[in-house]
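Spelled out from the first residue to the last, the chains are:
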Amino acid sequence: MAGVSRLQYTNEIRLIRVMCTGKVDLSYIFRAFSNGMDGVFVGACRLGECNYITHGNYSALKNVLIAKQILEHMGIEPERVTIKFMNSSDGQKFVEYVNKFTETIRRLGPLGEKRGKNLDKKFEAAQRIVPYVRLVERERLRTDLKTEEDHIKYFQREDTKRLIRELIVDRLIMSEIVGLLREKILSTNQIADEVGLGSSEVAKYVNYLSRQGLITYQEPVRGYTLVQ
Amino acid sequence: MEGVSGEVGDFKVTLLKKARYIREDKCTGCTTCVEYCPVMVPDPFNQEIGKSKAVHIYFSQAIPLITYIDQSCLYLKEKKCGICETVCENDAIDFRQKDQLDQINVGAIILAPGFEPYDPRVVTEYKYGIFGNVVTSMDFERLLSSTGPYEGEIRRPSDQRHPHKIAWVQCVGSRRVTPGNNSYCSAVCCTYTQKQVILTKDHDSSAECTVFHNDIRSYGKDFERFYERAKNLSGIRFIRSYVTISREDPVTKNVFIRYATPNGVVEEDFDLVVLSVGLNPPKYSKELAQKLGIELEEHGFSKTEPFNLIQTSRPGVFVSGTFQGPTDIPESVFTASGAVSQTGQLLKHRKGKLATERVYPEEKEVAKEEPKVGVFVCHCGANIGRVVNVPEVVEYASKLPHVVHAQEQLFSCSTDSAKQITDVIKEKGLNRVIVAACTPRTHEPTFRDSLREAGLNQYFFEFANIREHCSWVHSMEKEEATKKAKDLVRMSWARAVRLEPLGEYELQVNKTALVVGGGVAGMTTALSLAKQGHEVYLVEREKELGGIVRRLHYTLEGLDVQGFLRDLIKEVYAHPLVHVITNARILNATGYVGNFVTRVQSDGFVKEIKHGATILATGATEYRPKEYLYGQDPRVMTNLELEERLAKGDESLKDLNTVVMIQCVGSRNEERNYCSRICCSQSIKNALKLKELRPDVDIYILFRDIRTYGFREDYYRLASDKGIRFIRYEPQSPPLVGVTDEGTLRVTVEDEILGNQLEIDTDLLSLAVAVVAPEGVEETALKFNATVGLDNFYKEAHVKLRPVDFGTDGVFVCGSAHYPKHIQEVINQAYGAAGRAMTLLSKETVTASGAVALVDQNACISCGACITVCNYGAISFEETPKGKKARVNPVLCKGDGLCTTKCPTGAVQLQHFKDGQIMAQLDAAKGETDILAELDRAVGE
Amino acid sequence: MAKVIELRQLHRLVTGKKYGDVMVLGGGISGIQASLDLANQGFKVYLVERAPSIGGHMAQLDKTFPTNECST
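Protein chains in written order, with the numbering used here: chain A, 3 to 230; chain B, -3 to 937; chain C, 12 to 83.
Incorrect hints may have been included.
Restricting the straight-line Cα-Cα distance to at most 20 angstroms, the calculated cross-link-like pairs of lysine-lysine (PhoX-like) are [said to hold, decoys possible]: (1) Lys368/B <-> Lys123/A; (2) Lys14/B <-> Lys279/B; (3) Lys8/B <-> Lys287/B; (4) Lys55/C <-> Lys685/B; (5) Lys55/C <-> Lys13/B.
Pair ranges (Cβ atoms, derived) [claimed, not checked]: (6) Ala363/B <-> Gly215/A: 51 to 59 angstroms; (7) Arg142/A <-> Ser872/B: 36 to 44 angstroms; (8) Ser202/A <-> Ala363/B: 50 to 58 angstroms; (9) Glu440/B <-> Tyr134/A: 32 to 40 angstroms; (10) Phe873/B <-> Pro133/A: 36 to 44 angstroms; (11) Gly50/A <-> Lys603/B: 38 to 46 angstroms; (12) Asp200/B <-> Arg142/A: 53 to 61 angstroms; (13) Gly869/B <-> Glu81/A: 48 to 56 angstroms.
Over the 12 angstroms line for every Cβ pair with chain C, so calculated as not near, a few chain B residues [to be verified]: (14) Lys47; (15) Glu112; (16) Glu220; (17) Glu361; (18) Ser648; (19) Gly879.
Read the hints as simulated data drawn from the structure, not as lab findings.
Source: prediction; values computed, not measured.
Yeah, the Cβ is synthetic: ideal placement off N, Cα and C, and Gly gets one too.
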């Protein structure tokens, strides 16, 4: 309706059509970021008014809230991804949301400038763990909440955050480490440097990965490699 | 419509087609003419609040989305101007057009002329048109709307300020017997006002809203909760009082309202007053009735048969919607389907012989070919062309890899251009087509058709929206818009090269129907389907047909219910296509739309029924009250029990001196937060009967709100006139019922008007008990994949637009199983369900889209995540040589794709929206510099 | 049973005649629904409307109760 009503809005947005926001997958969000997008906007039907009886917009909302926490752990402003709910006739609202969102993004600045040297790798790692996140979401983050506020509250709860930290973020960091080691041999300190964490913390992950038999320490080169 | 002659099956209708002065086949809705038109006129669609031009599109979502020229046009008036003719690049303006008389021959006529909002100007007391800041609710709808005169901002007429303190006055034009008003209740105003209050608070959360009302009539499904939602917002007052719109402040133009409070009459001013106007019969109903040769009832709506509100007084002429009497949207929708079903009963022999089928050339096998992309960029007259540099976009597109053809078109959607696309596909052997134009919502079918005409699978078509998503919304930034248009074309290109051909699924439809529930709803549906030539199995739990209606004897209007029921049951048994199974239990039900299998057990035998459609009409039952000494004192009974005694001619009823009736027993409370809809009318009906038996009997009806909506209001008035006393009580202080030491049945209630406790010693107490869903509803629902709402009534697919469908295709609902209803409403809805079922049963096959989910069973790990989230039940496990694997039934899949985001291995993919296709589009959204590196990757994969 | 006989007579009357097309008068929500259902069953439909566009009063409404869903 924004189009039909000829409401003017920012030209900095590119729309991709999906039949239902339930189709908006975490991997799309991370892919967009790794493609150099500075923000991701998900436009959904109002909660409870899904065009389909599957109510996929709840799923989209959860994905966005999970993505926000993952971004936060990457050191990226969680405001860079957002979901807004509207009717197909809410052209005015769409414009308002999109303009406000671009303003936010403009204030945050291009993601590129903040990109540490390994931000791309982090996004790649994030894309790799999406299947795993789906499992976590299914097994541990099931909810039967009805409103956006309740969802936000749920994701701000300490136990939820801890769950995400333990089940998703840890996995993300390990995925990133594996990704780094796929390219070259690195010592714990070097890994710490690359992923931007303290070496004691990295040691924890490295030990875990070694115990799982995924990586191994190569004495001669004083660094870790992937187990082939 | 000028006139009708002939008779059912052979009507000759004369139509006058008004000149539009626009060639419909040429106009593309680009609105260049509107821009240049110098004549400003009040916009009728916006209640004349906003301005429009003499040439304009009726409203932004109009169908057809083309302009028309009205009589304010300078050329039409004085032969001056004609600017539009010059600016139209499409030669669509045609001032030589004349009104045209047409004659058509039809077998049946369905009347759906709707209503006319009450015009408060006919009575000066409402001050509409006198005080600037008094508007009607229809005006207010336009103010609220984002397509309205102020683009969704609420502004008041006098100074365009945002009103902060708003009052609604209910029953404007309704429930009044004074001249210029209507005696009936308009049925929708209470709830639409609550809606407007909620939306006003959405616009301005600090707004102060006051509703001056009489009874609040929240009698529809989920209305009671809606009323509470409105009432509980902050800054909202619901005040029960008649009002006088007294004066206008000469300076602020605020409007003063006088109303009654317990402490006397007060006057208060408001920024804006909204008149909640009622529903009048359509403006031209008398003229219409005359031309059609149908009769009108006393209020000016269509006269109908007593037990069939769809049948007018003339055979072959049916009526749906508000011309039956004031109704809301869902009823307008299902009476439409009902009218269709009755039309089908008359004309079934002609069905399906009138539509002609298109024949397309055979599809070529191109999936393995190298992509050959054609790009067509549309100017859309000036709509795109004036902002986006179209030649530049064409030039850009032509350089993208695999693009073998790129061109511009003035209007891609015009018949010539669409044909041109077909020709180019054939000539250049294109196997992917991109049209960069407008929204897929309107023209995707057009261009898919162009592909099919050229023997190309329709799923090889891709739309880039450079109008709604670009030229229209960036109209001041030509350069940026052109750049964006290129991006959008590139994104479409990335997707297009990855598109795959898809087949559509066809499956046979079994022509038999299963109707569950043998009450009036089920029987009516079954008969209507049978009369259209379909075999119907009607299964009933009890040993007799009739359901709860067996306990009803007369209606408020005095109709003989049992006589009607007897005839209906006889007709059902007599019809050779209706197979009745009583004492039935549904053992299980499997299958899907067009192909269900249900096993029914009755008296020791089990019957397996194969059917294409299912209609659930399982009815409702009476609440068994625990309150008010029911079951403890024989003088206390339910309304139905009283009705049975009245019908039996119980002599003792003639000796009653006093009767008390208590409304809302078991309804509108925490446990059952809904209005049972029929009990107010039932009590009044019984009260009137008692008055007939003994005119001097004292009757007290203790109520919360009397909900005699529609024409039933007249009987409420009659009851008052006959001296029946209506005493209102608040839910927090309900009536008390006790037996005195002397054995007198005593009802104590607070009399609001007199302000004291009223003790009534009564001979009989009748309870208006709630209508509740019968036991086992959830079980039945589960078997048929139907859904049940909060109050255990079936939940339809869409409250407004699909009121008798379930989300599950091929399953329908009608009658009190959906929500409590009066018998005529049940019949209306039963015909509606039949009409909807016929849209399925009349087809040989149903076609399902190819854009559905598919499982790669090699990658499936049998976790069931997809199955859990699919509310359509489209995915299930099947046994394969590799074990249990998920499989999508493409006929049930609606293509929303939720399952694909839950599958941990990516085994399930939504066709036409595969991850690879969407990712390619995402990748292509990058800046231009990066793109070339991605090209080969995209194509190579 | 009077009704049945009447319908049968009507039916005979109808089968003898050649017109199976239907006119729907009024292009509001009810008329649109009727036309769609008829067309879906293979009837040819004439939808007759006074205004320049179909949609009726519902198109003028902002939202609809009780879900406050958009009307258009």
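- Item | Those earlier numbered hints the structure runs against, lowest number first | Failing hints, ascending: 1, 4, 6, 7, 10, 12, 13, 15, 16.
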